[in-house]
Structure formats: structure tokens, C-alpha cells
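Asks: Chain by chain, the residues run as shown.
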Amino acid sequence: MRRYSAFAIAREAARYHQGWERAWASPEPKKSYDAIIVGAGGHGLATAFYLGKNFGITNVAVIEKGWLGGGNTGRNTTIIRSNYLQDPSAAIYEKARSLYETMSQDLNYNVMFSPRGVIMLAQTHHEVRGYLRTAHANALQGVKTEFISPQRVKEIVPIINLDGPRYPVLGGLWQARGGTARHDAVAWGYARACSDMGMDILQKTEVTGIRKENGAVTGVETSRGFIGTKKLGIVVAGHSGVLADMAGFRLPIESVALQALVSEPIKPCMDCVVMANTVHGYMSQSDKGEMVIGGGADGYNNYTQRGSFHHIEETVRALVETFPMVSRLKMLRQWGGIVDMTGDRSPILSKTPVDGVFINCGWGTGGFKAIPGSGWGMAELMARGYSPLTAEFGLNRFKEGRFIDESVAAGVAH
Amino acid sequence: MLILECPCCGVMADETELAPGGEAHLKRYGPGSSDEEFEGYLFHRMNPKGVHFERWRHANGCGKWFLAARDTNTLEVFATYSAQTPEPPQHVLDAIRAKRPDWSLDQ
Amino acid sequence: MSTRLASGGRLIDRSAAREFSFNGKRLTGYAGDTLASALLANGQTLMGRSFKYHRPRGVVASGAEEPNALMGIGKDGTFEPNQRATTTELFNGLEAESQNHWPSLDFDVGVVNNSLAKFFPAGFYYKTFMFPRPAWKHVFEPIVRQSAGLGKAPKDRDADRYEHFYAFVDVMIAGGGIAGLQAALTAGATGARVLLVEQTAHWGGRAPVDGVEIDGKPADEWINDALQALEGMENVSVRSRTMASGVYDHGYVLAYERLTDHAPEMDGPRHRLWRIRARQVITATGAIERPLSFAGNDIPGVMLASAVRDYVVNWGVSVGDRTVVVTNNDDAYRTALALHGAGLSVPAIVDARATVTGDLPEQARAAGIRVLSGAGIAMVKGKKSVTGVSICTQAGEGASTDEIACEAVAMSGGWSPVVHLWSHCGGKLIWDEDQAHFRPDPSRAPTGHDGKPFVIAGGAAFGELSSAATLASANHAAATAAEALGLSAPAGDTPATNDPAETAMEPVWIMPQGAGHAKRMKMWLDYQNDVKVSDVQLAAREGYESVEHTKRYTTLGMATDQGKLSNINGLATLAGALNDAIPNVGTTTFRPPYTPISLGSIAGEARGEVFQPLRRTPMQDWHEDRGAYLEPVGHWRRPYCYPAAGESHEQAVHREVLATRNSLGLLDASTLGKILVKGPDAGQFMDMLYTNMMSSLKPGRCRYGLMCNENGFLMDDGVVARIDEETFLVHTTSGGAEHVHGHMEDWLQCEWWDWKVHTVNLTEQFAQVAVVGPNSRKVLEKLGSDIDLSKEALPFMAWTEGKIGGFDARVFRISFSGELSFEIAVPASQGRAFWDSLHDAGGEFDATPYGTEALHIMRAEKGFIMIGDETDGTVIPQDLGLTWAISKKKEDYLGKRAQARSHMTDPTRWKLVGLETVDGSVLPDGAYAVAGGTNANGQGNVQGRVTSTYHSPTLGRGIAMGLVLNGPDRMGEVIEFNKVDGGTVAAKIVDPVFFDPEGEKQNV
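Chains as they are written, first to last, in our numbering: chain A, 1 to 414; chain B, 1 to 107; chain C, 1 to 1004.
No wet-lab data here; the hints were simulated from the structure. Do not rely on the hints blindly, as some may be mistaken.
Keeping only pairs whose Cα atoms sit at most 27 Å apart, straight-line, the calculated DSS-like set for lysine-lysine is [stated by the list, open to error]: (1) K267/A x K154/A; (2) K231/A x K399/A; (3) K1001/C x K782/C; (4) K267/A x K1001/C; (5) K428/C x K204/A; (6) K428/C x K267/A; (7) K27/B x K890/C; (8) K351/A x K231/A; (9) K212/A x K49/B; (10) K383/C x K522/C; (11) K155/C x K267/A; (12) K137/C x K27/B; (13) K399/A x K155/C; (14) K137/C x K154/A.
Sequences are here, hints too, so could you generate the full structure?
Replies: Okay, here's the thing in C-alpha cells:
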């Protein structure tokens, strides 16, 4: 792989950029692989990457029905934070956040991780107590957060209205090293690095069946023929239920539409990410200048990648109330993605009833921020059969009643 | 922005009048059931990409619960019917099969 | 230079001058001008700077597709960035400023990016700015952010207001061109309810500009007649300045009406968002002309041929004395003829087609205009404005065959139907080889709730570009809609038109076709985002082959015009680079809105006090008059405390607690949920709802109960009063009433539908006051009552009803404070009077209103749990030492099975205890009990947490409750709780009941 650098750009500029190589190869499938990942989104590609990097398993295929990074990886609002309440969540999200810090260098691909800080506003006394609890938990979890005063909030976010008549800002949970990254670049960077390790990324290849013998996986049927493997990772977000069905087990998952929108771009006016959970809105400003706004999820099963407009209205109302100046901005584009919600709204990273089949799903509304941590843990789980990062996220927790419930402090987990 | 006809009051109700309530026709498992049965009852959902039976409440209307047979991929509503129905009634199954001849209940 | 012509301009009123300013310069236009036409009329061709390279840019288009001429308009509370000059109607006093430059539009330092453009190809930022690591956040990104963005951020609160409208129609028609008008006439004649909307202020679309005659009449006349006819139909509504912005599932359509943007002096809301339910939608949204990709096609003065024609015909504006027309189709000849007719020079029509015939070219030739066939533009000359073009053969590599001096270039690469509304909710497209565009495929239309198509494309939006075909298609669309609605459409004739015979266009994606690297780096596809042909080719070469990859890698089509001009040209370029067919490459997804709509209009009226619905108790005015500090609880706003003058909240709470404990406190408890559960099976139902036995409760008595969800977790608690054998009154938490009522109805309607039980949420029917403290009985007796309020007649946990002070009252002897306490419900209409009379009578007892914080402290002093504090959705009653409230006798209750799961019966679950700091201080809210060491993920081990913590005014020290590992077995043990800034606080594990453990104060 030719390294990317300013020098490489200068070299190519002299010849009209004719010398750039493909970022990732487009190979024919082999007969079999040591491991197959289904789903070339961020989580699937990261799993493949860490299988190679941490465990030397590079005879790997990543199979993708459409185009890589084409699902929720490229549809989210790119927020990265790890200020979670429960230990298992804080562990995997903080692992992810710390990996984001060096991802551009690790992948030689600028994913534009920008630790511009994340504030979660407290707008009721109940929410204040919830975030104080999170701050205390984070202090023991090695996650750097602090509860800040309304005045500090205003200093960090000058466009905020502290004194809304209904929900004045009473403070906020501040994670200075949270931030955003360029979502597509995360998928592309991992894909390029995987391809460079000799892994095969098979786009436009649909898995149509999972073959088993004696309760163990032997490979997958695809639109390009049968491909053998003894280790199969299913990392397909909204379509997890469909794949699990092929493997012959069921998941505590429901697929719903989650929406987001962007405004037209404007010059920089907000440097960090602000989340207002009481009024259901959150917003950041992209490097392009668009205000990136997250909306709510529908409450019914939906595979259309379109949501209901009243969620957009609710979110925009919340933001106009919190940041009155946005009233005169315009919505440029709204879109939806299909997210997989589990019974406790926390993800599943787990062995399954089928030997050799592993599943990583259920990230719901919060998957992007977890990508590197999820890939790290999933790779360890697939390579060794156990990872401390994923141990608590097993499928069995739903039978035991051992939930990981993040909604307890903040109402919603984005 | 779905519209569903509330079978209780007959209104073609906008989604903003309705509250979704998840999969319909679940069998309740109480004390004495196995861990597997209880887990399945609480958490395992069909989540099909296609025909789905689900619960809705006309929350900002007559307040009644009802059931709907709906395609989660096209959003087509085949029928809405009484919540006091332990399994999909024949006329609902007929309405689905009229549009989806290959569909079967145990899919 | 552009200028106003001496005559002409069908839309302007030359007798009505309009003063405006641009970048501080005072200018004049006419009523009917757009900001763009007025600027051109004043010779202002430079209107903005591009996003990435800060290249000088002029207006390209004349409508909603404009990518370049974006302005900041207004000031202070009416300032709005990124407004398209082409869709901004001119008004007196309009203040516009151009964007994205420093220090000025003419001299922009950012243009250095342009000189470095060869170092900044598509995606260059993914390949650099990586070292040193902090540099991205602290050096590179700030530079990128400052130079990106477009308009300035508004600073002030919006001075305008917005509203929502609802409409329910049979047929919604988007687009008021001749197709939309014809469709409305036909649909209207069926009697269907029709709504026709047009995004501009003018009806008829392009037909009048193109010189179309309909039914032997000039288009303008036909349009006026059509409008008059529509206005005469009671079942038809028409709205101009209203854009259909999005089509959503099941026939939901949003339309965006701009009410006062063109006349800010008018009263009323600025924008109105229409939420429309339409049974059928006809998209008559027309088509948009495509640019051609030749070197220098972004220099100010290079415009769409149709726009050049619009400026001349509609606004009497010449974009230059000499205009070279470049085209691959016949339509652009109309521009040449219009310019010629206005007395302007057209030095040449450069036509990429090898042979050029057809009526319009013949007319051009007859007018003496030079037509160059098989030709292309090798390069446009000029920097901030066009000075000329160099001509080449289209088939070659761009060697100059001729140079022509000119001030403007009018280009036409063919027309693309506006398919956005069709596509928003699933409509599919087909590739039309003949016209080289995607158009709606009627066999794969968006489908509605009944699975049937509900969107029909008509006119140019369906790819029918001639006026005759447009009108026929519109009629067909209306008839199709009528048929779907079960209406019979009268067999209306399609009006006759005067269309010239047009010859086929030929797709041209690169001009000349063999252009080399240097030229391809100067061929703009996406003007605003500075995406060139070379960028798309680079993306394809690097493997970003999917159309979505290419879009995202190059930012093609991601600007504020969302690719209205660049989409097809970009796809064709990608297809060319991949050596694949255009339909195989496909399109990116069309998403609402069609053009950007204000966030203000989406929020509507809901802001400030009415941001959300407001629930008020009958005593709300009293609280507010008293200056109570309110906190939101659901949609209620409850007094947190009532600070006296000069008193802090803490001091007020302290005072309220002591006054209540020592004498008399009054709490407005009206927000408490009150649900009536009635019927022969009510007892059985209550036993399923609550963990404890409710069916054994005697009429006249009250019982505290716990309610769990089916997953076993505590969801609500409260006191149940048995009214009679068949009737229970359920009290819920303030925030929980609706949820609990919904929960009850869910089980009654969907599981136990054969049980005879009826529920009613009576919360707002009653005002409720907690009369609390040692003097509570006295104040009630003073008010006078026909109820015996003595301990013997009305003991603790009993209730009764009668008159108190003349009010109809239901009196509950229940206590959440540990004091002698009467909770009294009166009809809501009498609530305020009752409250007032309690205060009057209570004067001698220092009756003190208290708020939610005093309530919380008093309950904590007594060790009572609070839903939301001791519980958080993960806590079961067994954790809270409430096993006494869990019936062992009942076979079943909601949550019982769940509480039998292994994790729920795990003896290591944390249990509720009281906590007392060793030093008497208040434990930090949310603190965790540290256990030493770390877990496998390096996190500090914990053994419990604080759930409630207060300073107790009664005890004069900190008290807390918490959940602790094996807590009840560790009484007296001291454990450490963490502080956020490091260090710990030592606290002793104690019984959670801190005050009056024997209950002596309440049992009097």
C-alpha cells in the first residue's frame, strides 16, 4: 500500500493525480477463509482489521450485500463519546474513543477525529442527579467527564439559550475528549487497511444461507457461490434478524427507523456536540459547516430507511428552543437508517447457539462511536472465544435478566 | 407517516394519533414457565422484513388498542382488527394472501 | 457586462422602483424582479465565491436550482444566510450580502485555494493532515472549518413567527406550470378536492418564456384563463409561493409557504408549513436544464441557456451584449432567438451534434445566426467574467479552431425531469436513452397504505418536454388520479399547441469528448462544492465505484442545491470512468426537502412558554403569584420551593421542612395521578397490577402498593383506596399517571379482555392538598367538617368523604412525611378556593406551603423510597427491602415470573440501606461505594451507590439512602464513597428510617 501523505499528494499533483492506487481491491472470492465477516460496515470492517492486527488472522473475507460503509456507518450523526453509566458500556465505548484518538495514524487515513467535546445538558433536577451519578461512575471507569455549571455551558456554547421558560439549563455533563469523526472515512480507512493486509472485501455479494454441520458452521451461501469458513461473524445491524434466521436462532432485536437531518452550511458557530435529552434533540456542526441534528426513532418495525416526520418536528422544536438562532437556518436534507434495538437497548456481542457463529448487533442508536472498540472486542471474541470487553454483552443476559440499561440516567442513549 | 384505520372508532388515524405497541399475538408466560419460554415471550420478536402483526393504540383518539397486519418493507397495511383476537382471523389472512400469495403464517 | 434592456420583462413593473443594497452598495430594481435579476440589471455579475476553491461565481440559473448566487439577507433578528438570489423576490429595503469571502467579494484571500487546486483534488483531506496527531484538531481543522461553511451564522433570536396548517385533499398537485394547471382543471372537474401549489410567485412555468401558444392563445392568456377557472371551482385551492417540499409515506405531503419573505412589512407569520394528507399526488414539477462540462464552465457569465432566456424575457435583463450559445439540443435555440429578438448579439451557436436540422435551428439560421455543428467549447476565457470562448470540434481533444469574444455563454446539456417528489418515498426511475435522463417509472410508483400507487408524474416531470406532450401527460395524470379515487374524469380534450418540430438531442458528458487532464480539471460538475470531472474520475480510479462512494468522496451533489444541476452529469461521468451504462450506476437517494426549508417553519408555533403543552393545577396561579421556583414534572410545573424575599432555595426548603414538622405544611398534590378502577373483576385485576394483595383491602381503607412491569422492575408506587366492593382509586406518581393508565388499559384490552373492569384517569378532575403536620387536624377542624377527623374515627390508612369548610372532600389519612397528615381531594373547580381557605384558617398555625424538595427530604428522613431516585428501571422491590409488600400468596402478578430469573434472585444484588456520613456532611449525589481494585477492563470495582442524599433540617446532618452489596447485613460498617474529583467520603451503613422510626408522629 502506498502511504498517504502531503508528499504523495504533491507527487501526484504533478501528474494530474493519475498515479493513485485503488483504496481497496475488488477480488474474486476464494473457496474458503479462516474467518468471514458478514457486513462491511464500520463494525464488520473493524472486526476484520483487529483480527489481522491483533491476532494475525488475515485470511479473512468481509462480505457485503451492497457497498461498504453503506448502512448506518454512513448515516449517523458521527458523535463519539464514552460517558456511559454502566461499566460494560463505559468500557467498550471508552476503548473505542481511545482508539479513535489514533485511528488516522493507525490506518494512514485521515478520519478527522476531532475531540471537540460533548455536553449533555441537564434540564431537570432529575437529570442533574442522573448526570452526577454518571460523573461519579465515569471517575471510577477511567472516563474523563465533569459536571459543569450553566455558566460553563454558555462559555463553551455561546449560542445556547440557558433560560428557556420550560427547561432552563441547570448544568451539563462535559466530556472534553468526546467529539466527532468523518463517518465514511472510518469505513474507507478500515477497508483500505484490511485490503492491504490481504483480506478480501467482497462488495455486492449477498449472503443467502448459512451452512452448518453438527451444530457448527461450515460456510455461507452467497450470490457468488458457496464460501467455506469455520468462523463466521454476523455484523449487519438492521438485518441481523434476517441473518440469524438463516443460522437458525432468534434474536431479541427489532428493526426501526432512526432519522437525522442537516442544515445548510454556515460559518463556525458551535464548536462542540450538545445533546439535550429532556427535550429530545442533539446537534453538532460538521467541518463543512452544516448543523448535524439527530432525530428520534420510530416505535414500529420498519425497513424502509425512511421515518416519520413528526420525529423531525420534535427534534427541530427542541433545537429552536435550545438554540434560538437555528430558527433561521434551513433544513437541507433529512434521512433515515434502520437500527436494531435490543430489549435493553444495549448491544449484543456474543457467541451464538451455532458453533463458530458470532454476532455483533443491537447497537441501536449509538453504534458509530463504538466502532473501533466493538471491532477490537469482537475480534478477540472470535479469535480467543472470550473478551473482557464483550463478556457482559452476551445473548444469555436476556434469559438471566442481567440487563445493561443505559436509559436509567439519561433517558435516551444516542 | 403512517395512517391506520382504527377498527374501534372507524377513524383513518394519522400516526401522530397512534402509539405503537410491538408484536401482536404474543402468548404470555407467567410463573411456572421455563426460562426459555419467558425469555422468548419478553424479548424474541419476529422482526420480519415483510408481513408483520402488530399492536397499536389509538392513544390520542378513542384510546383503544387494535391490531394491524402490515408489511414492514412496503408499509402496506393489509388489515386492522380487534385487539381481542388471540390469533390473526381468517379475513385478515385472506387479505394478506390476496396481496402476497407466497406468504404463510409460520414464515 | 449585464444590464437592463430598454424594454421588455413580462414580470417586472417598470413604474415601481425598488431600492435595495448589495454589500452596502445602494441599487435599484423593479417590482417583480428577483434579487438575481436586479443584480444583473445593475451589472453585478459576480455574486459569490465557491465553497472549496473560493472561485468567483456568478448566477447560473434563474430558479430553485441555483448553486452559486447565495446571499445573506436581512439583519439582526431577520438575518438569514444562504438565500438563493434567484428565488428571492425584490422588496424595498432588501439588504443582501454575498458570502464566503474575506475581505471582500472582489478580493478574496481564500482564492489562494484555487491556485493550489491541483493539490486539493477530491478527498485530499483523507490523505494528509495526519501528523503531528494534535494538529488536526488544533491547526488543520480550524482552517478547514473557517474556509468552509457558507453564510454567516445568525446571531439573534428569530424576530419572525411561523405556523402549521393542515389540509386533507383528494388530489395534491405540485407545480403550477401548464402541466399542473391542466391537471388541476381536469382533476377539479371530477369534483375531487384539489390543492395546487406553485413554488414561485408566478403561474405557468416556462411556457410563456418559450413562446408557447395554447388553444390559439399566447401562454400567458391561457394561464390566466386556467387560473380563473380554477378559482371558480369550490373544490379547488391554489397557492403560489408554496413549495411541495417532501412526499412521505401513506400520502403525507409537506408544503412550505413563504408568506412574507417578499414583503417583510406584512403582518403575520413568515412561513407556513402545510401538513397535507393527500389520497393522490401529482408531481408536475417540471424539468431542470443541465450544464455542459467544458473547461471554464464556472466563470461568471456562463449560464444555463434557459436562465439567459428567462432574464431577457421575464425581467428585461441582458446578461451580456454578446452571448455564445452552446448546446446539444434544439431548445437552446430558443435562447438564441430570444436574445436576437431583444436586439442582442449571438455571435455563434455551438452545437455538439454533427448535423443540426429542425425548426428552431432553421429559424436561427434564417435570423442570420451562425450555427457551428459538431463543435464544442474548448475553453472559456476570463477570470471574474467571461471575455470569450475558444471553439473546437466536439470529436477532438480541444485544439482551438476559432476564438469568439463574448460576455456570456448560454449552455444547454438537455433537460432532466424533477423527480425528487416522485422518489422521496420509494418511486423508481427508468433511464430514457433518447432524452438522456432519468424519469419516473409508473410501473414502480410509490405505494400507499393500501399498497396501491399514490404518486403520478405529469408533464416535463414525467419526461414529456414538448408543451403538447406535457399537457397530454398532465391530463392523463389527472385522469389516473380520478380513476384511483373512483371518480370519473370528463373526457377533456388536450389543448392544442404550436410546438415546433424538434430533432433529437445527443448526450454530451464531456466537451470536447477527448479533453485531456488539464481541461478536465477545469470542468465543473458541482459548482458550489467545486467538484470537477477529474474528481469523479479520480474517485472511480481509487475504487470509490458505487455512486454513493463517489458522491461522498467527492461531495458531488451534497451542496445546498443537492445536485439539481450536477446529478446526471456526475453519474454520466462516473459511468464513463467505470465503462458502465448510466442506469447500472444508478442514482443517489433523493431525500426531502426539495429545496431547503426553514427550521423555524418546522418548529412552528411551539416555542417559549408553549414549547410543550402546559398542565396547570387549579392552584397554579397562586404558586406563580407567590414567586414559587417551579420545576418541570412531566408537562406539569410544580413548585420546588417558595423562596421568601432574600432567601436562597436551600434556605426556603429548610424553612418549609421545619414549619411542616413543627406545625403545618400545605402541599399542592393535585398532580398526583388518580385512576379509578371499577368492575366486578377489579379486585382480581388489582392483584395482577400490584405486587401485594389488593383484593383483600377493605372499603374505607388505604394500602400502599408497588407496581412492576412484566420485566420485573418497579415502575410506580402509590396508595390505593378501596372506595367500595367494586371500586378502587389508584394513586400514582405525578409523572406516572398517563403511563400507568396506559399500562392498565394495555393489559385489560389485550390480555384480560374478558375481565369486567373499567378504568378512568381522573387526575385532573380533582385538586388535592396534603395538609401535613402536628396542627393539621386542628386547621381542618377549624374550617368545620361533618367528618369525625379523630384518630379513632379516621385512623391512619383510612379514608372517608364529607364536607370540610363547605367543600366536597375526600379525606385520606396517609402520610409521605411521617407527620400527622390528611390528603384531601376536592373537585378541581373548588381547588383554588379550598387552598385559599386552608391558608386563611392556617394563619394562626403558620401554615406554610411547601414544594417538591421539602417533600423529598421529609420522605427521605422517613426512609420512604421515591420512584426515580431509589428506582431507575433496574431495581426490583426485593432490592428495596419491600418484601413485605410482595404477596407470597398470589400465584401471579405482573413481574413475578421475571423476578424469579437467576440474576433477580442473585444474593449479591445491591440492597437498600441508610447511609450516614461519619463527619455529618452530605454525601455527593450519585456517588459510588468503592470496593478496591479494578475489574478486567481496568475499571474501579464498586459495591454500591447513593440513591438519595440530602441535608436533613430536622436532624441537622446529612442523610442518604443507597443500594449496597449485602447492605442490610452490614449495619454499622463504614464504607467509602467516591468523589468526582478524587478522594472518598466515609459513610456508615444504617437503617434507612432516620426519623421517628416507631411512627409516633403520624399515628396520632
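Asks: Now tell me, hint by hint, if it's right for this structure.
Replies: We went through each hint and held it up to the structure:
no.	hint	verdict
1	K267/A x K154/A	holds (19 Å)
2	K231/A x K399/A	holds (25 Å)
3	K1001/C x K782/C	holds (21 Å)
4	K267/A x K1001/C	violated (64 Å)
5	K428/C x K204/A	holds (20 Å)
6	K428/C x K267/A	violated (36 Å)
7	K27/B x K890/C	holds (21 Å)
8	K351/A x K231/A	holds (11 Å)
9	K212/A x K49/B	holds (24 Å)
10	K383/C x K522/C	holds (12 Å)
11	K155/C x K267/A	holds (12 Å)
12	K137/C x K27/B	violated (54 Å)
13	K399/A x K155/C	violated (53 Å)
14	K137/C x K154/A	holds (21 Å)
The structure shown violates the earlier hints numbered 4, 6, 12, 13.
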